[in-house]
Each structure stands twice: as C-alpha cells, then as structure tokens.
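With the sequences and hints as input, model every part of the structure.
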Amino acid sequence: MIRVFTYPRKNILGSYLRALVGVVLTAVPLLLLNPISVIVYLLVFLLCAFIVYGLRAIFRQFTRFEVSGTGIVMTGPLKRSIKWAELDGFNLNYYSTRRDREAGWMHLRLIGGGAKLSIDSTINEFEDLVRLAARAAAHNGVVPNRNTTGNLQALGITRADMMTPVAYGTADR
Amino acid sequence: MFTYFVHRVLIMIPTLLVISILTFVIIQLPPGDYLSNQLEELRSQGESASAMAKIAFYREQYALDKSPIEQYALWMGFWPGPNGFSGLIQGDWGQSFAYDLPVKEVVGDRLGLSFLINFSTILFIYIVAFPIGVYSATRQYSIGDYGFTLIGYLGLATPNFLLAMVLLYYANVYFGVSIGGLMDDKYINQPWSFEKAMSVVDHMIVPVIVIGTSGTASMIRRLRANLLDELQKQYVTTAKAKGVPRLKALIKYPIRMSLNPFIADIGNLLPDVISGSVIVSMVLSLPTVGPLLLEALRNQDQYMAGSLLMFLALLTVVGMFVSDVLLAVLDPRIRLSGGATK
Chain A
1 MIRVFTYPRK NILGSYLRAL VGVVLTAVPL LLLNPISVIV YLLVFLLCAF
51 IVYGLRAIFR QFTRFEVSGT GIVMTGPLKR SIKWAELDGF NLNYYSTRRD
101 REAGWMHLRL IGGGAKLSID STINEFEDLV RLAARAAAHN GVVPNRNTTG
151 NLQALGITRA DMMTPVAYGT ADR
Chain B
1 MFTYFVHRVL IMIPTLLVIS ILTFVIIQLP PGDYLSNQLE ELRSQGESAS
51 AMAKIAFYRE QYALDKSPIE QYALWMGFWP GPNGFSGLIQ GDWGQSFAYD
101 LPVKEVVGDR LGLSFLINFS TILFIYIVAF PIGVYSATRQ YSIGDYGFTL
151 IGYLGLATPN FLLAMVLLYY ANVYFGVSIG GLMDDKYINQ PWSFEKAMSV
201 VDHMIVPVIV IGTSGTASMI RRLRANLLDE LQKQYVTTAK AKGVPRLKAL
251 IKYPIRMSLN PFIADIGNLL PDVISGSVIV SMVLSLPTVG PLLLEALRNQ
301 DQYMAGSLLM FLALLTVVGM FVSDVLLAVL DPRIRLSGGA TK
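Read top to bottom, the protein sequences are chains A and B.
Straight run, no breaks: the first sequence in full-length UniProt numbering ends on number 173.
Straight run, no breaks: the second sequence in full-length UniProt numbering ends on number 342.
I should point out that these hints are in silico values taken from the structure, not numbers from a laboratory.
Fair warning: there could be bad hints in the mix.
[As the list claims (entries may be wrong)] To be clear about the criterion: a stretch of chain A counts as covered by chain B if any three or more of its residues have a C-beta under 8 Å from a C-beta of chain B, and this derived list gives those stretches:
1. 82-95
2. 108-117
3. 131-144
[To be verified] Pairwise CB distance ranges (calculated):
4. Tyr146/B - Val44/A: 51 to 57 Å
5. Pro77/A - Gln140/B: 55 to 61 Å
6. Ala103/A - Leu294/B: 38 to 44 Å
7. Leu20/A - Ile205/B: 47 to 53 Å
Computed from a predicted structure; not experimentally measured.
Note that CB positions come from ideal geometry on N, CA and C, so glycine has one too.
Here it is as structure tokens:
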C-alpha cells in the first residue's frame, strides 16, 4: 500500500497570500517611491525572497509525497526519492514567529542516498509521515539530535514507538 | 528556516510602519510646534520680515499647516511634497528647525559613533559576561562565584551616570587625563584618518565600560542561573556517569542551551543600551545621538526627534529580527505548552 501526502489547498492559499502581500509591500515602494540605494538593495533582496516563497507555493501545490515500505518518493515538478534503507539523516525542527513560541510549524528534513527532502508540518497527516520516517531512522541507527528528540516527544512519538519491530512502518501492511 | 525568515519579515515590515506612525504621533502630541514657538518669540521682539518669511517657507515645505496624515506621508516619503517624493525613504530626514540645517548635517558622524559605541558595548557585555557566567555556574558557591556575584550586584545597583562621574573624577585626579568626549579635541570636525580612529578607540574604553556595566551584571546573573538549571538536568548526570569528559559534557549541550537568553537579549539590549547611554553621553560629553535626541524632544524639533526615534526603533526591530533568527537556528524546539499547527 502506498500512502500519499499532499499540502492542503487552504495552506497553499495562505502561502500565495503571504507571497502576494510581501511582493506588494516591497515592489510598490521600489517602483513608486524612488528610495535611497540602501533601501533599494534591501527591498530587492526581500522581493526576491517573496518571489521564491511564491514559486515554492506553486511547487508545493503540485508536489506529492508517496510513502511505501521501501521509501519515500517526491513527485511533481521535482522528482526525488529516498529509500528507507538509505536514510541516514533525520531532523525535525520547530519554528514559531510568536514570542510565546506557540502556533508554530514543524519542518522535517530527510537525507539519504544523496537526496534531501524537506517537508513542512502543514502537509496532510504530517505526524504519520514523521512516525514512519522516525522508525526508519531508528532502524538504520540514526541518532536524532536533542532538538529532534524533543520535537518527536511533543508529537507523542516515543522511543518505544520508534523501536517497534515493524521496521518501515505499517503503511504497506 | 526559509519559511521562518519570510514569515518573520512579513511581521517586521508592518511593525516598522506602525512604529513610524506612533513616532510621528508622539512627536506631534505636545501642543504647538517649534515654528509656532519661534513665531511667538519673533512677534514679542518685533517682527523680522526675513525670519517670518523663512517660517512661512518651512510651513509650506513641510506641510505643517496641513493635516497630520499629510505631514506623516510627507515625512516618510509616501506622498510627494513641493520637491516630489522627499522623505525618510528617499534619505531626506527633513530640516532641523532649531539648528536651521538639514537633520542629516546636524547628525553627521553622530549616528555612526552611536552605533559604534552601542555595538562595542554589547560586544563588551557578551565578552565579559560569558566567561564569568560560566565560571560562576560551574564553581557555584566558590570564593570566585561570591566575588563575581558581589561585583555583579554592585554593577546592577550603580547608576551608569554616577559611575561615569566617578571615573571622570578619578581619571582626572590620579592620572591627569580627561576622558570626556569621543576623540581628542584636535580631531573634532577633521576628516577621518587612522590617528582619529585610534583616538576614538582610546576614548571609547571608558564609555563602553560605563554603559555596559549594568548589562554585564544582569547577563552574568541570567547566564549563571540558566547554566545551573541545565547542569542539574539528568542528561548531564548521565553524560558524566558514562565518562564523558567534564569539558565536553559542559560544552556539548548545557552551554548551548543556556546561550538562549544571550541570543534572545540582542533585541532587548539595543534599546536598553541606547537609552542608558543618553545621560552617560551627556556626562561624558560624547558626540552621540542621545543628547541630540533629548535636545530635539525638549525643543519640539520634530523632524530631528522623529528621525532619531525612527533610527533607534529600526535598530531595535532589526536587533529583534536578528535575535529571533539566531534563536530559531540555535534552538528549533517546541515548547511543551505550545503545539504545531497546520
């Protein structure tokens, strides 16, 4: 059985909106207000960042992650795959723009077989995806760093979960 | 991380806009303005036609007789004035009515010198506080720890300006040197040269120590407390039990974790250091923006005050941004009270 993970439309829409607001906030002063050179450089840099952010939203809209017992495959505009047996890097970070560090998002980074995959927690059923990857990482002897361990615990993924006899998760069973 | 950067920038831009509005409202709050006061003064002395014409010119140039919204838009450079778009965004800081010169000319090197002093002070705080904080935590209740604690409390309790006056007095009485100013008199208003730069470095030592003392003391206390918390956690005990060398068991995680307040404080330190340095700058006759800002606020020199306040706000917002990004890199962990959202 193959499980498919995609970014929800609502989230993609939010990203488009942010990119649009960012582009407007930076492009309008650039085009209309004739700012001094320091501000021009800064605004051009930020404009590029917002354009890249928008392009990434388009890219995400058409990206699918297919997870099976053998590995994870990213399809869409870019194609990449990592076999679970080759997974040798597993990082789970948490970011929040709020001072109380609430209402943030997680970022999963998988490395293996010369490929890297980055997945945000905004994707559907992110916790299941992390659980499957964590099991594979544990099976391969990848030691998660302190940040990753803390974030896994916050998702309710314990060491016992990761060490279950089913090496590559239950997705294909 | 890229997503974090973009989200954070999206918060920063409106924040700066709101700050600019607040700054403008605050400098407009007192009744009247500098030109009205001047007008009254001229009238009481018998009107001078040229001075009255100049005041009328400024009123028109800066839309002082128009609505506050127009004045704000003009000041920021969002709206064209008689000379087209000409505001903060275009690098025109307006006119200092008190000096009758463009704000940029009045401020001159002061902005750079203020930045230099504040940056050096923050560097001083970190360089001094870090080793002392680590020493105090790893040798809790030792003579050294008590000694540093005592010095720390003295540093916290002593007002900066008092320390400045004491140092001024003793430097003069015992060493026969005047430590006021930020460079030797012969370099004032001279073009920059290596000698002038070295003179600035020489004169900066005392102000940096004076302004940085209280910040250093509080940072030592915070680092000590945080590191002590970390050192008492189970993973440190486990590491020691497994024979991990003492230094490695200290550096690998406890120090990294206790560095968070160091990083988080970059944003808070900047405004503290800047506001704390205003009185010290006056006592030590430092050519920084602090005394200029105080004078501008007292005189209702609105463009001077507004531009300087915006500069300080920009420093603070950028400081906060830098500290948030560094914190996100250093400690991307969820807090147990929080939760990831979709």
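For each hint, the structure was consulted:
1. With 3 residues carrying a beta carbon less than 8 Å from a beta carbon of chain B, the stretch 82-95 of chain A meets the three-residue requirement, and the given coverage holds.
2. Counting residues of the stretch 108-117 of chain A whose beta-carbon sits less than 8 Å from any beta-carbon of chain B gives 0, not enough to reach three: the coverage restraint is violated.
3. Counting residues of the stretch 131-144 of chain A whose CB lies closer than 8 Å to any CB of chain B gives 0, which falls below the minimum of 3, so the coverage claim is violated.
4. For Tyr146/B and Val44/A, the Cβ-Cβ distance of about 55 Å falls inside the hinted range of 51 to 57 Å, so the restraint holds.
5. A hinted range of 55 to 61 Å holds for the C-beta pair Pro77/A and Gln140/B, which are about 57 Å apart.
6. Separated by about 40 Å at the C-beta atoms, Ala103/A and Leu294/B satisfy the suggested range of 38 to 44 Å.
7. Range check, Leu20/A to Ile205/B: about 51 Å between beta-carbon atoms, so the 47 to 53 Å window is met.
The structure is inconsistent with the numbered hints 2 and 3, although it conforms to all the rest.
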